[in-house]
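Chemist: Chains A and B supply the protein sequences, listed in that same order.
In terms of this note's numbering, the first sequence opens at residue 11 and continues consecutively.
In terms of this note's numbering, the second sequence opens at residue 11 and continues consecutively.
Take the hints with a grain of salt, since some may be wrong.
[Said to hold, decoys possible] Taking lysine-lysine pairs in the BS3-like style, the calculated list, with each CA pair at most 30 angstroms apart, reads:
hint, chain 1, residue 1, chain 2, residue 2
1, A, Lys488, B, Lys366
2, B, Lys269, A, Lys608
3, B, Lys71, A, Lys263
4, A, Lys272, B, Lys488
5, B, Lys559, A, Lys559
6, B, Lys366, A, Lys628
7, B, Lys559, A, Lys529
8, B, Lys366, A, Lys366
9, A, Lys269, B, Lys366
10, A, Lys71, A, Lys263
11, A, Lys109, B, Lys488
12, A, Lys559, B, Lys628
13, A, Lys488, B, Lys272
Hints listed in this document are in silico derivations from the structure and should not be mistaken for laboratory results.
The structure presented is a predicted model; accordingly, all values stated were derived computationally and were not measured.
Protein chains: 2
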Amino acid sequence: MALERSSLIPALKNLATRLRIDSVKSTSEAGSGHPTTCCSAADVMATLFFAEMRFDPHDPKNVDADRFVLSKGHAAPILYAAWAEAGAFDRAELMNLRKIDSDLEGHPTPRLPFVDVATGSLGQGVCAAIGIALNARRIKSDYRTYVLLGDGETAEGSVWEAANTAAHDGLDNLCGITDVNALGQSRATMWDHDMEALSARWRAFGWHAIVIDGHDIAAILDAFAEAKRTVGRPTMILARTIKGKGVSFVEGKEGWHGKAFKKGEELDRALAELEKEFVPAPVGVNLPALIPKPAARPRAVESPKPIAPPAYKLGDEVATREAYGVALAKLGEADSRVVALDADVGNSTFSDKFEKVFPDRFFENFIAEQVMVGSAMGLAARGAIPFPSTFACFLSRAYDFIRMAAISNVGIKMAGSHAGVSIGEDGPSQMALEDLAMCRAEPNITVLYPCDGVSTEKLLALMAYHPGPAYMRTSRPKTPVIYGNDETFAIGGLKVLRESSSDSATIIGAGVTVFEALKAYDQLKASGVNVRVIDLYSLQPIDQAGLIKAGQATGGVIITVEDHYAAGGLGDAVAEAVASAGLAVTRLAVREIPRSGKPEELLDRFGISARHIVDAVKEEIANHRPAVASRQSPVVSR
Amino acid sequence: MALERSSLIPALKNLATRLRIDSVKSTSEAGSGHPTTCCSAADVMATLFFAEMRFDPHDPKNVDADRFVLSKGHAAPILYAAWAEAGAFDRAELMNLRKIDSDLEGHPTPRLPFVDVATGSLGQGVCAAIGIALNARRIKSDYRTYVLLGDGETAEGSVWEAANTAAHDGLDNLCGITDVNALGQSRATMWDHDMEALSARWRAFGWHAIVIDGHDIAAILDAFAEAKRTVGRPTMILARTIKGKGVSFVEGKEGWHGKAFKKGEELDRALAELEKEFVPAPVGVNLPALIPKPAARPRAVESPKPIAPPAYKLGDEVATREAYGVALAKLGEADSRVVALDADVGNSTFSDKFEKVFPDRFFENFIAEQVMVGSAMGLAARGAIPFPSTFACFLSRAYDFIRMAAISNVGIKMAGSHAGVSIGEDGPSQMALEDLAMCRAEPNITVLYPCDGVSTEKLLALMAYHPGPAYMRTSRPKTPVIYGNDETFAIGGLKVLRESSSDSATIIGAGVTVFEALKAYDQLKASGVNVRVIDLYSLQPIDQAGLIKAGQATGGVIITVEDHYAAGGLGDAVAEAVASAGLAVTRLAVREIPRSGKPEELLDRFGISARHIVDAVKEEIANHRPAVASRQSPVVSR
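With the rest of the complex left out, here is chain A (with noise of 0.2 angstroms):
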């Protein structure tokens, strides 16, 4: 930065009222949106975007330039305001804030090339820039990482795993802003104005803690470059902003969260006061051209090697878990952009066979979820493909960041284990028995659900390289290897395991009810009923076409059993899928909460082992006298 701080000052200081003027212009346009909290932030962005960061407004996705999170997602206005100016598009376009053709959504979203991670929701954006933080250490880039959050958001408590995490791993690479305007929506935040409250919390967890006055430019460059300075641990700086600066009948006043300027007198008040703001700055001074870019650096691009087979024997006994860990130490070897994420279950979910070989590329959270979600989402969005695991149980902690990466269609590749309960003894919350629904709600996650050593290891390589995010679902218990290591496997499919020309229902599982199909299928077929049964390793997308087939080939009678709760899960699946040929389905599932015990003793208490399967096929081919019509077979009439 060649410009004098006499220069720069005075320039950024007009930026950052520019940056206002067109946070609250673009959100009276659009009838809503959070103008004040843009305007406590102004300073500290005009400073960050033109005199701290390296990037290129116009290859936004460059591996090497610094990043941007706003975990004050709500302050979305400022964000493109700043991108705009930068030159990365048309001022004009903010005045499309919040339409519904326009990606200048309300709270970012990554259909805009700048925004790594859809924000929103507070307390995800840090530990979206842990991941990021993690990327640049695991491409060997200098590329820093700033996230910006708001002093309210710092009560969600997944803001302290990520000070935790980040701290643990010494991410000097990663410098927050807290906005500290004391005003949250309803009323003031817990600690008001108190800076010494909010940086005992950081420097108590490990973080070198700068409190500034967030409007004073000079000690925003100062607490940037101090930041740069401070090796061996991330830097947080505490801004101390009046919400709605430069307003002055909305300064620091409670009941303007989220409130646009109404236009005419109102907004046309708060313009004119913000133009006043400016003040003389040296002419031709132009900031946006003095970004800096960042350092080309020529990559030798990796191809990913083949993958190494499945090497079991039918019949041997394995648990998919332990699968699941055999295969990503082996995707790992075969491609080095896979990295996994733990917390603290890595001897259970049996990721640490990854973590032996790959310990540089294991990133341990301890007993965090929340962050190791969120920082596989950072991971994702440049170019890592991250597995999340843990207890499957224990996602739902990060659901919240489930949906958002989601909404940024991030490949997160998440895999739960200790799945039903299946489990046994450890009771119900060890217990997941809502992963399915959990997870399947999101319309774009992939979810899959494999039985044996070979599906998981070919599912895994699958859903490595599918685009989006995917979860795995794998059980405790060991199951006995079914398919030959040749077996082939696709996201959308299923395998007919048992199909004869006179079967009379067919039978749906997947897991671990796989095996209590065929348990139902032998004991059915000695008392002389013949049924299909089907292992529906891909519960979303879903073979519909193949399940319809099935449906119609066995009288319309299909039995779903599943290690789950009846509701959002595999019956749930089938049922939606075969209904446009107007088939239903009977679903044995987990309807109550269950209990420790023996794995086998809760399959059966809780109505979805073999004799249950029996049961219920022989009551639905008594029950189902001749046939359901369906479009297809329009022959009844009433």
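Given chain A, work out where chain B should sit, using these hints.
Modeler: Quick look at chain B alone, frame taken from chain A:
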């Protein structure tokens, strides 16, 4: 406590040894569990239960008894051992640990009368403890609340939400103990035995922190006394301990988490070592007999008063979120047990209408949804009727808490506002599109979704007194009042809004889509097609008979329409309900990640507006040639 310390300390030491022995024996008998985690906590547990807490082992639910929450739920065996030692049940029962017909589950659940909330998902018990401590204020009791955390557990962000909230609320009746045994499941914790790193965190968050040797009974006694003397803020006792204390070959060693000693030589050796820990102690000291009982405090029983009825006119435009606030304030007037919890959006959810009238029963958690729900769990467990509310999408932040509330079967009454794309311009991060799936997945959560002001008020009153957890979904836009103030509703009910004897389809909506369905009805009627329209305000439980009846009366054509993603919501709920009659359902729902825009634009863009309903009805009627067969009408053959 009349006992001299010279007698008390050796007696407690020996009691701790007994607790260790019971924990080791019971887990070995079960073949699984966490004996080493119990051993580190034994001295704290012995001192807490037999020299600090005031309770009646034979009346564990006494409203004035001190409360204990085992936040590190995997130490369940020592909790059970302590209660058995106190005389709550026969020690022999400990040997049934983790068996299917014993309530001594792998992790504690309220099947046991001395457990308030289920634990086992780390970082939750401390949040529940806040609710329990707040409850003491509510009922004007001087009982104290104790909560035991693991050190690894403090990586969970929810612990720091709790830390903020308890300090902000000045809960000096709350005393936490962290069992700092330095070992997590897969490795050492982030902090190892750095007691300063941990205590600095609690101090920074406003707690009184005391560091002690957690195996020094005198130090533990002193710390509890100091905590009791501490005014205006909660206390955290950081107890430095050794995992596996008392069994030399596992003490402080990695690789022993969650492993029972093998029966035979390994167990025998462990027990032999523990037996040697007994110290000479005065004879005749019976610690359980010395436990101070809570004072008998007669309380006036306050009967709930009648709730003021709704006071709308048909056609009034009112958002259900606003009606929720009105109803909550009325309910609060009628029943003093009702409390409300907020996460800094009370002016959007309208829970601020309650706050204005009952500020003392309104608990502000700022932007921290986990502690809001966790605290509600604690309040519910102690007799309050808590209504935690926030934007519905942000309840996903607390999904693991909701899951544990379901396991606990505690009566938390959640409300989520701003459901669906109909919120408009704020964009997808603020839209709840998976909340119905999330809550419906839990089999014991009541799920309600009113469409107008009257039904909101009536359903809120019902949910308050319906046992167990419940969720109400409210909407942002204003909708017309369609029910008279005298209309009656039922949990598990529905309303048929339009019907004729010649209906050729059933349209089922809820919330905002009821009005799209009514618009579609008018358009279809104008083109000569009669349809039935149902307001499915109760999704769980659901009126199966009513839905089947409607489906069968309308040629088997059922179309659902919901402002929610396709999986796990209203469509799936209806589909399962009607499946037993062989009926299938056509679902209109949001099937991709939405974006910012005007509410009506979004309803249309994402396929759930009246136009789409009309199209679907026409298509289904055309496709759905004569009829579906069903079990009830076995009239067809193939």
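Chemist: Next step is simple, just say for each hint if it's right about the structure.
Modeler: Hint check results:
{"no.": "1", "hint": "A:Lys488 <-> B:Lys366", "in the structure": "violated (57 angstroms)"}
{"no.": "2", "hint": "B:Lys269 <-> A:Lys608", "in the structure": "holds (16 angstroms)"}
{"no.": "3", "hint": "B:Lys71 <-> A:Lys263", "in the structure": "violated (46 angstroms)"}
{"no.": "4", "hint": "A:Lys272 <-> B:Lys488", "in the structure": "holds (21 angstroms)"}
{"no.": "5", "hint": "B:Lys559 <-> A:Lys559", "in the structure": "holds (29 angstroms)"}
{"no.": "6", "hint": "B:Lys366 <-> A:Lys628", "in the structure": "violated (60 angstroms)"}
{"no.": "7", "hint": "B:Lys559 <-> A:Lys529", "in the structure": "violated (37 angstroms)"}
{"no.": "8", "hint": "B:Lys366 <-> A:Lys366", "in the structure": "violated (57 angstroms)"}
{"no.": "9", "hint": "A:Lys269 <-> B:Lys366", "in the structure": "holds (22 angstroms)"}
{"no.": "10", "hint": "A:Lys71 <-> A:Lys263", "in the structure": "violated (38 angstroms)"}
{"no.": "11", "hint": "A:Lys109 <-> B:Lys488", "in the structure": "holds (21 angstroms)"}
{"no.": "12", "hint": "A:Lys559 <-> B:Lys628", "in the structure": "holds (26 angstroms)"}
{"no.": "13", "hint": "A:Lys488 <-> B:Lys272", "in the structure": "holds (21 angstroms)"}
Consistency note: the structure conflicts with the earlier hints numbered 1, 3, 6, 7, 8 and 10.
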